[in-house]
Amino acid sequence: MGTVIEVEDLRYTYMENTPLAHQALAGVQLSVEEGECVAIIGHTGSGKSTLIQHFNGLLRPQQGRVRVDGQDLSDPGLDLKGLRRKVGLVFQNPEDQLFEKWVGDDVAFGPLKMGLPLKEVRDRVRWAMEMAGLSFEAMKDRPTYALSGGQKRKVALAGVLALRPKVLVLDEPTAGLDPRSRKELLGRIEGFNRREKMTVIFVSHNMEEVACLADRIFVMAAGQIVAQGTPREIFGSREVLLQHRIGAPETVEILYRIQGLGYPVDVGAYELDSAAAEIVSILRPQGVKSHGPGI
Amino acid sequence: MAREFELTRNITVGQYLPTGSFVHRLDPRIKLLACGILILAIAFCNSYGGNLIVLAFSCLLFRLSRIPLRYGLSGVKPAIPFIVILAVLQLLFYGDIASGGRVYLEYGLIVITSDSLRLVIVSALRFIEIIFVSSVLTLSTSTTQLTHGMESLLKPLGYLKFPVHEFSLIMTIALRFVPTFAMEMEKMIKAQASRGAEFGTGSWWHIFRRTKEMLPIIVPLFRVAMERAEDLILAMEARCYTPGGTRSRFRTYQTTFRDGLTLLFILCFSLLLWMYPFPY
Amino acid sequence: MKEPLIRMEGVSFDYRLNSEEVVRVLRDVSLDIYLGEYVAIIGHNGSGKSTLAKHFNGILKPTEGNVYVAGFNTKDDRYRREIRRRVGMVFQHPDNQIVATIVEDDVAFGLENIGVPPREMRKRIDAALEAVGMSSYRNRPPHHLSGGQKQRVAIAGVLAMEPRCLVLDEATSMLDAHGRREILQVLRRLHQRGMTIIAVSHHMSEAAEADRVLVIEAGRIAMEGPPREIFQRQELLRRLQLDIPVATRLAGRIHERVPDFQPDLIHPREIVDEVVRIAGKKGAAG
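Chains as they are written, first to last, in this note's numbering: chain A, 1 to 295; chain B, 296 to 575; chain C, 576 to 861.
Calculated from the structure, these hints are not laboratory results.
These numbers come from a predicted model, not from an experiment.
Among the hints, erroneous ones may be present.
Claimed, not checked - Listed below are the simulated EDC-like cross-link pairs for lysine to aspartate or glutamate, each with C-alpha atoms no more than 20 Å apart in a straight line:
#, chain 1, residue 1, chain 2, residue 2
1, A, K101, B, E508
2, A, K101, B, E522
3, A, K113, B, E493
4, C, K698, C, E737
5, A, K113, B, E522
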């Protein structure tokens with residue numbers, strides 16, 4: 001398992017040399033290992049979108065370095081098409097980008113552009129659709145305009161999966177979805193990461209989602225990475241949460257409040273059962289069979 | 296949020312630059328009328344003398360509205376190819392048609408006379424002057440003021456059953472959505488490029504191919520536009536909008552003595568320009 | 576008993592798919608909304624909640640049954656304006672509700688439509704912008720605003736018309752957590768000042784704010800009651816593919832091991848309060 005994405009002192013300014021110049025990235029440093037599932041969190045304007053657009057070459061580094069799978073993205077001879085096959089970027093509300101009439105055609109767009117033979121395109125479309133949760137046979141000939149929002153999003157996702165990327169980058173993947181669709185999508189993303197061994201990088205504002213999916217979290221503010229660690233490390237550190245005004249999963253918020261009142265709880269226990277166990281442990285102290293309030 | 300999109304930062308619809316000058320505070324209807332009158336006067340101005348005066352006047356306008364001249368110049372920049380092409384065409388072909396003045400050059404079919412030379416220079420100057428005057432208008436008047444001013448001026452057409460308010464509303468909504476659509480388009484280009492779409496491959500004559508390449512952009516944007524329109528209709532109806540219904544106006548402009556004086560001055564200036572027999 | 580502001584009697588609604596097919600989206604729905612209530616209507620996508628919302632101000636008319644707003648029947652086009660002046664609606668897409676080039680002008684739009692005199696307009700616009708906290712943005716163009724800010728402007732545009740009731744049709748679906756909080760804060764303030772609020776959503780945090788929750792499933796009202804009661808029906812909610820607030824789930828788990836712990840909590844602070852109640856103050860828990 002090697003490092004698949006490496007970012008060194010990356011800086012980027014929009015509209016350089018004009019009175020409207022805005023520095024979006026002010027020296028970002030990070031690395032992502034192959035097979036990891038990584039979350040990038042931070043307020044609007046912290047530079048998250050700008051950062052992820054570097055991963056597939058939409059933006060080129062102005063200063064600093066970005067290496068994807070060993071390849072330096074500042075290299076003038078960079079094969080953009082090849083890069084975009086390796087790193088699949090799914091924007092927010094991707095259902096907007098469907099343009100073909102039939103579902104199958106839209107998913108096939110990417111592989112066809114890659115110049116693959118028809119048979120392979122068909123195999124990839126089948127695989128991608130099943131991965132995204134759409135039945136190939138039932139859905140491939142459905143018109144795209146007759147789908148629900150959730151289904152359209154799956155088609156868009158399949159369209160990127162069909163490129164068989166090594167790294168999947170998702171910007172707010174569950175934005176706007178209802179609870180059921182959100183749960184399902186998160187489950188699938190977990191599948192891409194654990195079963196298909198895709199490296200997953202996702203941006204999110206939903207802390208529950210971040211806590212549940214991510215192996216590691218990067219916190220961004222004002223164009224820099226200001227904190228990184230496992231969910232436990234990040235949510236368990238009061239200083240980090242307060243200093244960067246990061247929200248936390250509700251369970252963590254509750255534990256912090258209880259801790260603030262003087263009770264000994266492990267605030268890093270962000271999962272529902274662990275949080276419940278922490279609270280139970282202060283209501284029923286060890287070894288006492290309680291028939292009522294803790295004695 | 297608008298920061299993250301490169302292209303769209305350049306979109307400043309109408310390029311309003313608030314400096315609080317006296318020109319900014321004029322009634323937008325007066326400015327629109329004044330601009331129209333000036334442009335007409337410029338169109339009929341054929342002399343060197345007249346054009347120099349107008350050019351000086353338009354630079355003065357920039358000064359009066361406290362807008363740096365470079366904004367006017369950057370408005371001229373995209374027009375330069377057209378000015379040059381026009382100049383070349385006039386130089387090559389005019390001299391033959393209306394022969395007048397001294398002949399400077401004769402080379403086969405190409406004749407350059409003092410008249411044709413004057414036409415070339417004056418045309419270029421008029422182009423620039425018109426751009427300057429319109430720039431001062433858009434730089435000193437916000438889009439809101441412009442649309443309201445235009446609606447007000449067009450009101451008399453209402454008596455001819457012309458749907459003045461609907462027309463004005465269409466313009467307002469269009470202007471309001473230009474930046475939004477620009478951001479949408481940029482996002483669409485990036486999203487499709489991320490899955491392998493390419494734009495602009497092949498030379499300009501490969502029209503078919505280039506159009507086909509734009510489909511992943513055009514089709515979704517069109518669909519989104521239709522959805523927006525449907526949503527807007529619902530939202531407008533929920534707020535009691537009825538096309539052709541009677542309505543009140545939030546923004547009203549009072550023409551002051553200052554506005555009237557300005558308009559009078561512009562009128563006199565234009566008349567003088569038109570009538571004065573400039574020697575050159 | 577006082578008269579309800581909105582009364583729905585036996586309402587069914589058929590959606591026409593094409594020339595042959597028709598789909599029944601609402602089935603025999605009856606409900607009353609009273610002045611000053613804060614009602615949440617929750618359901619998963621496809622349950623009919625949006626269709627139901629659009630009946631409250633006459634955008635959709637029932638195929639069967641009747642809807643009365645302040646006594647006016649929504650089927651009667653003569654009263655359309657009266658109905659929409661009393662019941663205002665805010666929709667899902669923040670961008671697709673703003674028509675003007677600057678905030679102030681958009682808030683004025685509704686007032687122009689109903690012919691409010693200019694001097695009165697100024698007062699109402701100021702009040703509406705103040706109520707949503709957007710007074711300092713009055714001259715900004717919409718594309719400089721965040722999603723939450725745009726929705727606040729949309730709400731202001733409706734508030735200026737001084738309705739009795741505000742219906743929010745999935746108004747927070749496209750917002751991030753921060754934007755959603757902004758809107759909920761605005762709604763809370765408005766409700767305190769007496770506004771009737773109907774919030775259609777699939778977000779549990781919004782349902783927790785309401786006095787009364789209606790759960791919609793397959794075009795029918797499946798459950799009705801105060802949020803505390805509704806969230807206890809965890810099995811049913813799960814079956815309807817709806818979320819349960821984290822606080823409720825947590826309280827449930829704790830209750831399994833500590834029977835004295837109240838299971839019907841819905842806010843995080845209630846959990847903390849309950850812990851304090853049972854364990855006593857700091858130090859008392861051994």
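Broken hints, by number:
5
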